[in-house]
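Engineer: Protein sequence lines, in the order shown, are assigned to chains A and B.
Letter by letter, the first sequence follows residues 1 to 329 in our numbering.
Letter by letter, the second sequence follows residues 1 to 331 in our numbering.
In short, the hints are calculated from the structure, not lab data.
Treat the numbers as computed from the prediction; the structure is a model and nothing was measured.
All residues carry an ideal CB built from backbone N, CA and C; glycine is no exception.
Some clues are possibly wrong.
[Said to hold, decoys possible] Reference listing, derived: stretches of chain B covered by chain A, where coverage requires no fewer than 3 residues with Cβ under 8 Å from a Cβ of chain A:
{"no.": "1", "region": "37-43"}
{"no.": "2", "region": "172-180"}
[Stated by the list, open to error] No farther apart than 25 Å at their CA atoms in a straight line, the calculated lysine-lysine pairs in the BS3-like style are these:
{"no.": "3", "chain 1": "B", "residue 1": "Lys232", "chain 2": "B", "residue 2": "Lys201"}
{"no.": "4", "chain 1": "A", "residue 1": "Lys169", "chain 2": "A", "residue 2": "Lys141"}
{"no.": "5", "chain 1": "A", "residue 1": "Lys262", "chain 2": "B", "residue 2": "Lys49"}
{"no.": "6", "chain 1": "B", "residue 1": "Lys107", "chain 2": "A", "residue 2": "Lys38"}
{"no.": "7", "chain 1": "B", "residue 1": "Lys107", "chain 2": "B", "residue 2": "Lys201"}
{"no.": "8", "chain 1": "A", "residue 1": "Lys259", "chain 2": "B", "residue 2": "Lys49"}
{"no.": "9", "chain 1": "B", "residue 1": "Lys232", "chain 2": "B", "residue 2": "Lys209"}
Take a look at the letters that make up each chain.
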Amino acid sequence: MNQARSLPDAPVLLEIYRRATLIKQNDDRFRAVIQSGKLVMPYYSPRGQEIIPAATSVHLSDDDYICTIYRGVHDMLAKGVTPRALWAELAGRVTGSCKGKGGPMHITDPARGVMVTTGIVGSSMPIANGLALAAQLRGEKRVTIAYFGDGASNIGAFHEALNLASLWKLPVVFICQNNRFAEHTRYESGTSIGRIADRAAAYSMPGEHVDGNDPDAMWSAAGQAIARARAGDGPTLIEAMTFRFHGHIFGDADGYMSKEEKASAIARDPVVLLRRRLIERGMATDAALAELERGIELEIDAALQFALDSPYPDLAELRRDVYATEIQP
Amino acid sequence: MTTGTAATSTLLSAVNQALDDALAANPDVVVFGEDVADSEEGGVLGATKGLSSRHGSHRVRSTPISEQAIIGAAIGASLVGIRPVAEIMLMNFTTVAMDMIVNHAAKLRFMSGGKTHVPITIRMMTGAGLGTGGQHADFLEAWFVHTAGLKVVIPSNPSDAYGLLLSCIDDEDPCLFIENMPLYWTPGPAPVRGQRIPIGKARIARPGKDVTLISYSRQVFDALAVADKLSKEGIEAEVIDLRTISPLDDATLLESVARTRRAVVIHEATRQCGVGAEIASRIHENLHRELRAPVQRLGSAFCPVPFSKPLETAFVPGAQQIEAAVRRTLS
Ligand SMILES: Cc1ncc(C[n+]2csc(CCOP(=O)(O)OP(=O)(O)O)c2C)c(N)n1
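The shape of chain B in the complex, shown without the other chains:
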């Protein structure tokens, strides 16, 4: 497939494409996780469909429900040169493998004085909106961003997902790759085959001059919608899609806010000690004198993801709250 600006894809098929291309390009790439092989239908939502048939069931393996064993095996294999892409179905299930991720994957390079390292990619999906309740839809990224040694990538569209997943697989450090489940089927720009998107580089999704809306994953779309609405009143919001949240692209963020002098950070994780707190703090530290208003932070309500539909809808920050936050920076 060639670029073709009109070509569209979905997050789900972009992930599949990236894995397919990585497996084809490098015999050391292996994929494993629950239900990922075609004998188990290539994933509960089909993200890995066709991969075991094309690349062999020795390289694309379904596992038992054993998250510690999955991440442990990925770590071990990576120590001696294999490039595992481990899938932990839902982000909430990383909790069962936290020892492997936080005590081992993140730290082995440092604790070995650089003698070993862990080039693994851990894929997972999450996101509220599908009525899955308190244990299936959390955004826990702040825990991982807080941990030295891990990189955390969180794309919002197919083209970014493809390019970033390839970069994660190439990367010499452990990368968490967070997929937004409610966005899986949303059409978006198709990836350019083989094209990597660098880790740690944000994208300006919409240029503007009056306020910077900083976001990632699904909330990028909410920010864009609010920006379009405000534009009709002559307020031009710049929207930044972070794409990577560890390491953060300070240069892009600070350059934008230095111009607009106002910022709103939006994410689905709760505000409390969230990525938005880190970003707001960096902006204040660097641009204190330039800011026209304190940085605004929006996140989900400080409670477990509720099941009941009206609660679930109100739980996530919506367009109204984003708009109100923008107006607070303008008043």
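Chain A with its partners taken away, still in its complex shape:
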């Protein structure tokens, strides 16, 4: 596949940067707003993992599906969920993507192909298979991405889902975002294999181990796997190496993370590195990027204001959406 060997061209790399920056700035603002006490919620920051979904999503359209997890704001924004829908949901407002009923762990936006966000470790993968099966049955060219963490590869659902996807040659790509931690547990303490990508061999599918923070490598690996799925050649497991800048959940003191390890990851902030790369490759000027960043800041300002100005859902919402039609229990 020639795409695999080529590098993303200027418009593509700029688009990856735009999405990664949206994720980064959005996350910075979320944390500031939660810190201020203006909004209260459990929040799982994806800071540090921006490149993975940004470089993957440029290969996807609204017709393609994703299933993601509680730490999934980056995956959602990269897939096109608007900051307004996201912020309003996080603020528990009726204008949110799920009328405020789902909250940060369950953002859903079918128009953008964001089909499931789960709070249960391991559950994104079996459901992604079903979306992929539907596309296969209907002869559609849609591809489904299942995002999950490294810790999730230790749960039974991961193994069942990979086996089934391989057996049925489903158009699905399993993207493991290996941020080295599962809650407080270091990778080595919870996982018996050095590379999760090697687990693909047990299910007769390609397993790619890539630097998820490198936009060239990530774009190329995702592109290859997505093309393979679209061509009907079956699933791929991608292990995208990355690092979580903040604790598991906002407010977690992250005492279990080594300070040096964290500092060195932050010193190699993938969004900052990509910015530098764009300038070095002559693909963008500092001024042009600054302009882009300002635009995103304004979009986030507007989204926050929209969320705070929106009403809470009516209490009648407790009875709605439980079934297709309201029933008396």
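Given chain A, put chain B with the ligand in place with the hints provided.
Structural biologist: This is chain B with the ligand only, laid out in the frame that chain A set:
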């Protein structure tokens, strides 16, 4: 520490204390679950802090995120005499291990004709109020109460939590031990070291003569608050904290309702086929002629736990609803 009536503790530290004492007293006790060892900070909320340092990381082990493997290992070890206390972080994650809990832990004693048994304790936390939404705050206890072979314990305060957890660990059958997360830091009576509280024994949290409020976990506090309020009008409500919901303490329940002739059952789980339905039914079966009013049942709304704050607050039965239910029994 000695009794000291004024001494206070929290649910979180009482659980830690009970585990610490059980590990110290019996070399067969082991603790495992996600993040429970000190290398992982002794639990996401610190419930097991210090235990692996004091009792060894061979006895207090962090596991991968593998609930089936956790409960399976607990079951297997218990078959040959180990006393595992397995932690399934949140009650919702028991769903991932249901086969192990329902098809195996609950049934091996019976299916083996009594040749084997499963003396395990499964700890878990849950509870709405912290904005965790639809998959992190359910009360699923009715599923387990419905399953023969399991015991289900659900304390509301530190002293009960300590004494009941020790009893669960001593018990020869599988016990589910349900901790209310929003109550973790609420001060309450400190445990008496070493003192067990028997499984299957309810506690009269407040004596009264006019109506019996039957509850467990967090709703005990709501029931007590309503009882205090009604007392100013001369209505004396008796409040029962069940503490164990399988087996149910029929004797205490029926004795109380036989006196008060009115009952309201309150829990955070939804009413539909909930523990309250079982209790109401037992009261009606036994005290039909004595009752002055039908037993009232309160539970959360029949929907997944909602995220949005106003919805989440309205979801759980509150003081107003309890008071209204009491008045319905009096009118
Ligand atoms: C079945 C299940 N068990 C436990 C949890 C609690 N939990 C939430 S996130 C998490 C760690 C997951 O780690 P990983 O898969 O590496 O993803 P990350 O959070 O690092 O992105 C755990 C144990 C859960 N949500 N679901």
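Engineer: Next, verify each hint and record whether it holds.
Structural biologist: Each hint, compared with the structure:
1. Given a C-beta distance limit of less than 8 Å, the hint that chain A covers the region 37-43 of chain B holds, as 3 residues qualify and 3 suffice.
2. Coverage of the region 172-180 of chain B by chain A is violated [criterion: at least 3 residues with CB-CB distance below 8 Å; count 0].
3. Distance check on the hinted pair: B/Lys232 and B/Lys201 sit about 30 Å apart at the alpha-carbon level, beyond 25 Å; violated.
4. Annotation: proposed proximity of A/Lys169 to A/Lys141 holds, straight-line Cα distance about 13 Å (limit 25 Å).
5. Simply put, A/Lys262 and B/Lys49 have alpha-carbon atoms about 24 Å apart, close enough for the 25 Å limit, and the pair holds.
6. Between B/Lys107 and A/Lys38 the alpha-carbon distance is near 49 Å, which puts this suggested pair outside the 25 Å criterion.
7. The straight-line distance between the Cα atoms of B/Lys107 and B/Lys201 is roughly 24 Å, inside the 25 Å bound, and the hint therefore holds.
8. Distance hint between A/Lys259 and B/Lys49 is fulfilled; the C-alpha atoms sit about 21 Å from each other, no more than 25 Å.
9. A C-alpha spacing of about 14 Å is found between B/Lys232 and B/Lys209, which places the hinted pair at or below 25 Å, so the restraint holds.
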